[in-house]
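Undergrad: Put the complex together from the two separate chains, hints included.
For reference, the chains in residue letters:
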Amino acid sequence: LQKRSTGELEPFADVVSQYGRAVYGFLVAAVGSERAEDCWQETFCAALAAYPSVRNPQAVRSWLFTIAHRKAIDSHRDSAKDVPYAVVPERNTDEATDTDSDIWELVAGLSAKQRLAVCHRFIADLSYAEIAEVMHTTEQAARRNVFEGLRVLRRAKKQPA
Amino acid sequence: VSREITGADTARGELLRSQSVASYDGAEERLFQKLCDRATAEDLIDVAVARTDSPVGELMLAATPRGLVRVAYDLSSFDEVLRELSSSVSPRVLEAPKRLDAVRRQFDDYFHKRRSHFDLALDWQLTRGFYRSVLEATARIEYGHTASYREVASAAGSAKAVRAAGSALASNPLAIVVPCHRVLRTGGGLGGYAGGLDRKAYLLRLEAGE
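Those protein sequences? They're chains A and B, same order as listed.
Heads up, the first sequence is in the working numbering, so the first residue is 1 and it goes up one at a time.
Heads up, the second sequence is in the working numbering, so the first residue is 162 and it goes up one at a time.
Only chain B is shown next, with the shape it has when bound in the complex (with noise of 0.2 Å):
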């Protein structure tokens, strides 16, 4: 008997794992849902993520044990989004959608005009230094209002520094939640927005009540 690998053990081979995989596709659900149940209750996913619908678009949102860290507008891919956060944060990222549950219903009441006020933990750590400052000044704009660029570098303490908290906004992690769509130009351009002006747009309409 040859030693050598013939195409009939490659055809034994292709049968065996034709048939071995065959039952993946009925268990994959379940076996995901047992996954993140079990890594959850065991405390092992450092970044939960979940997708959830928007009239702004699909929404990407990431929470580690501390709180809220991400809220990404499906501009490019969320794949993107999970490389990201696996390289900044943990590469212990799983989908988990239970336990963003409470963010979600957040988010649905915010697009219902049913809450004014997002009440969640948020983890700051995807910003830093005058960045951050920036956007915890941006995070007390309060809902219907807007603030302008060099009034937001004020409060974070450079009132010179308008063009860095421009790009401290457009860096913002945790966008709608930490209202960067609220600053606006001095006179009242719409300035820029990361997620696309049309978002902006729309975010200050449905504020104003329009």
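In isolation and in its complexed conformation, chain A is listed as follows (with noise of 0.2 Å):
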């Protein structure tokens, strides 16, 4: 029998429990609620085989959000030929409002590496350092491309106070 080395991960159940939602809103925003759950799928599916030879238990998060990073990079070039992203999610129309709609018009304006920066910096709430990690870029990239996101977002109309 095979020494095991993985004694301190958690039980994937965990896994998805703790880190479902945040994967789910990562990917609503990044590819659009249509494709989320697919991408979820993929992405929790893509983890659980390779779980096992995770080495450090203590970054989960952002190995689990480099294969959701991956998943919604795949989708989009799977439908690169159909519809562009600009798909916003599904909510109640009374609750929403004028903002509301135009942060979902500003988002789909986001280029794909500023789109998904911002996602991870406000959705997954990843450190610049893990944002470069997950998108294989530099610390300073990954900060520049979530300034840059943030440059368009803030078109949006100004916030009630």
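Mixed in with the good hints there might be a few duds.
As the list claims (entries may be wrong) - One-sided excerpt, in silico: chain A residues whose CB lies under 8 Å from chain B: (1) Val16; (2) Tyr19; (3) Gly25; (4) Gln41; (5) Phe44; (6) Pro52; (7) Ile123; (8) Tyr128.
Quick caveat, the hints were computed from the structure, so don't treat them as lab data.
Where is the CB? At the ideal position from N, CA and C, for every residue including glycine.
TA: What follows is the structure, given as structure tokens:
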């Protein structure tokens, strides 16, 4: 029998319940609600398959978002010929304000890198160092992508105080 | 324009976050179900777990591809059991109730007195050495019968190791299926039970037809 070296890893069931929501939120913003569910399945299936090989149990979060990031990009690539990203999440229209719809139109206008970086920062709550790791880039480039993305979003109507 | 993240940016980020996760609650059950089905189809689950209700409280059942590996009472918390399975069997632990349907049916039948013998493949990997011998000897005690600690120690190959036999039974990873509740003190005293003496007494009464 092989000697196992993953004694510190949490059971995968806990990974799903702990990060399922954040990954879903990231994917809705990154690829749109239509494709988010499929991407979520892809992400967690790939994660489950590779899970025993995770070396650092402390880094499961950024490891998981690296997979989600890749799946989001794959999804964009697969659908490049049909619809560009333009899917606004479903929501109760009674509650939707002008600012709500504006922000999604603006998110749709971001470049893929900016959008993913902004989503990692504000939805997944990753640090710039983690974003750099997930996006295979430098921390400086990660900051720049978030900043450029934010600059576009700042064109949204002023938030009500 | 400042490169600093402002309060308004944070508010926008919060808006983005709350809207993008808004439909998660409605989708969660479906997502988990699909993941479980697909992971089963692709053979990605090393330890499938499910919960089942019983007259002795909720039970957690866990199976590997080899067979049933763990039956746990809801004593401390099932999270603890999951962690234990994760570190001792594999971290690829996922709730997969369908994979345990047959097992759950047998438990149901047992508690309704429609079944006196579990007909299940068992994965013994959580126990080894003398402990395993004791539990295998215990598995041979028939429904409605009992044995003494000394008898199971002896059947496991060491009549003198009565105390170790007691420890082996206390560590039984397969409660009920490996019927350690059928082991009593010489003279008929209940002895001990990891699940609590109330449960032991209940199972013995059930099997005695009382």
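Undergrad: Could you run down the list of hints and mark each one as holding or not?
TA: Hint-by-hint comparison with the structure:
Because the smallest distance between the Cβ of Val16 (chain A) and any Cβ of chain B comes to about 7 Å, under 8 Å, the interface hint for this residue holds. Interface hint status for Tyr19 (chain A): violated, as the beta-carbon distance to the closest one in chain B is roughly 12 Å, over 8 Å. Hint on Gly25 (chain A) holds. Least Cβ distance to chain B is approximately 4 Å, under the 8 Å limit. Interface restraint check: Gln41 (chain A) against chain B, minimum CB-CB distance 6 Å, threshold 8 Å, status holds.
A hinted interface residue such as Phe44 (chain A) counts as satisfied when its beta carbon comes closer than 8 Å to some beta carbon of chain B; here the least separation is about 5 Å, so the hint holds. Checking Pro52 (chain A) against chain B: minimum C-beta separation of about 6 Å stays under 8 Å; hint holds. Using the Cβ-Cβ criterion of 8 Å, the hint placing Ile123 (chain A) at the interface with chain B is satisfied: the shortest such distance is roughly 5 Å. Proximity of Tyr128 (chain A) to chain B is violated relative to the hint, the smallest CB-CB distance being about 11 Å (cut-off 8 Å).
Checked against the numbered hints above, the structure breaks hints 2 and 8 and satisfies the rest.
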